[in-house]
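2 protein chains.
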Amino acid sequence: MQITRVITERLSGENMLTDSQFATYHTEGFVVVPDVIPPADLALVRDDVETLFALDHPGRMLETDGTTVRGVHGCHQVSSLFDRLTRLPRLLGAAEQVLESKVYVYQSKVNAKLALRGDVWPWHQDYIFWEREDGMRTPRAMNIALFLDDATDFNGPLLFLPGSHLLGTVRTERRSAGDDWAANLKADLNYQLSPRQLASVAADLGIRAATGTAGSLLLFDPRLIHGSGTNMSPQDRRLLLITYNSVDNAPVPVPNPRPEFLVSTDSTALTAWEAGLGA
Amino acid sequence: MQITRVITERLSGENMLTDSQFATYHTEGFVVVPDVIPPADLALVRDDVETLFALDHPGRMLETDGTTVRGVHGCHQVSSLFDRLTRLPRLLGAAEQVLESKVYVYQSKVNAKLALRGDVWPWHQDYIFWEREDGMRTPRAMNIALFLDDATDFNGPLLFLPGSHLLGTVRTERRSAGDDWAANLKADLNYQLSPRQLASVAADLGIRAATGTAGSLLLFDPRLIHGSGTNMSPQDRRLLLITYNSVDNAPVPVPNPRPEFLVSTDSTALTAWEAGLGA
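Residue numbers (our numbering), protein chains in the order written: chain H, 1 to 279; chain F, 1 to 279.
The following block holds chain H by itself, in its conformation from the complex (with noise of 0.2 Å):
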């Protein structure tokens, strides 16, 4: 409780989320925030990203056509942009306010969906590649994505079984063994729901799309289901993640830890930036 205040009172002032926002992230697992990065801040984040998508980085992955880039990772440890960008008081703010602590970055990446090459993200959970790869103990993380391109229902948009992060992990079976976290980036993951529990889980809860405006920003617990189809129209949907943790759920060490660029060890806790992204 200590914790909490004293973030508040930090932040004041800041557009961390109103009530309503907060309550929907809790009962639907997320919320989209409209329009929190103006254009000329975005059209920075933009430039950068194409810079990174050129750059050849371990952390950059291609789609199964073997020339298409479907995602860029590590992004704030490449990127001084990017590392303001996760410091900016209103994403650090929301992410305090929400995992009620300090935090700092996971993960970080860009997932490309190219207009008609973009590809399928089969359903899943983030949480449970966390806890059995990296050895995260509680889900106590979130992730923040800006839309870099709005996000129809046309451009494969994340879609959500909203509410389902309140059923926990949904146990799967691993995919495939051995030390394969490659297989964790592409279209075949290796901790997807099966289909029974897909249907059973959709039958009750529905489905919805997380569509909305370049620049707004979409908040999502790490237990909930999503997923994302092809992209068929002639629009890109890049979309920016950044998943903070709290300083208090750094993973337990583990004998095969992932690559830097897709889990940091750097525990720290983040400072806001409070200069502008492009000072």
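What the hints contain is simulated information worked out from the structure, not anything from laboratory work.
Take the hints with a grain of salt, since some may be wrong.
Unchecked claim - Now the stretches of chain F that chain H is said to cover, found in silico as 3 or more residues with beta-carbon under 8 Å: (1) 137–151; (2) 157–169; (3) 219–230.
As the list claims (entries may be wrong) - What follows is a set of in silico ranges between Cβ atoms, one per label pair, in the way DEER data are often shown: (4) H:ASP266 with F:ALA54: 56 to 62 Å; (5) H:SER200 with F:PRO58: 34 to 40 Å; (6) H:THR64 with F:GLU100: 45 to 51 Å; (7) F:ALA40 with H:ASP204: 44 to 50 Å; (8) F:LEU62 with H:ALA43: 54 to 60 Å.
All residues carry an ideal CB built from backbone N, CA and C; glycine is no exception.
Go by the hints and put chain F onto chain H.
Using the frame of chain H, we list chain F on its own:
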């Protein structure tokens, strides 16, 4: 004019298209007519489709996974129930009304788009295949689709660029040489629109999903640009498709005709089946 009048008299009292539906078809290139086939008849059709899916037959096509049925072609040639369906006054009457002549079945099929497995159909126009591969001389033909399952935003519904039929045939390059009709039944179609063509048309016309309840009909123009994404839902999205062609528009002979299950050579005018589907 004589032909139109005669047909109208013969089918008077049948539920053909209303003026509003007829106008929508011509301006948008498609129209959904809800709840045409009653549940009892729909159950008969679905049973019949299951039989067709299980039948080892050259018209049966698999997804790229090599096991999931993607579609079955030439259904009216092997199933008497399917043949009666094509001749139900409500379907046949609509086809005769739009094509202003007697008609025959040019093609019939069922597209599976099964839950969590059904794959993409890239953006294309139907007519260019029939014109270039089959010798059809004018687009005086029409597709009538019957929804065998509810079509929702999440199970890979047909997507249309509304009004694109008025653009005529968008010239595309044939993607592969030779006599490979099978390529046209798979995810990698021979006549796809280029990303640039699609971006240009979609920016003008937008994208629309054809959703509706099982038992509804979807009528669409063979020049209308359409495609569909993956089925991300746990619900199948099976679609039965009948292409009616005017008896005055039977193709001219071509050097390498496609198989009979893809292009029916019997252009005898259909007669209405008045006795009910199960009779």
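Legend entry - Non-conforming hints, listed in increasing numerical order: 1, 2, 7 and 8
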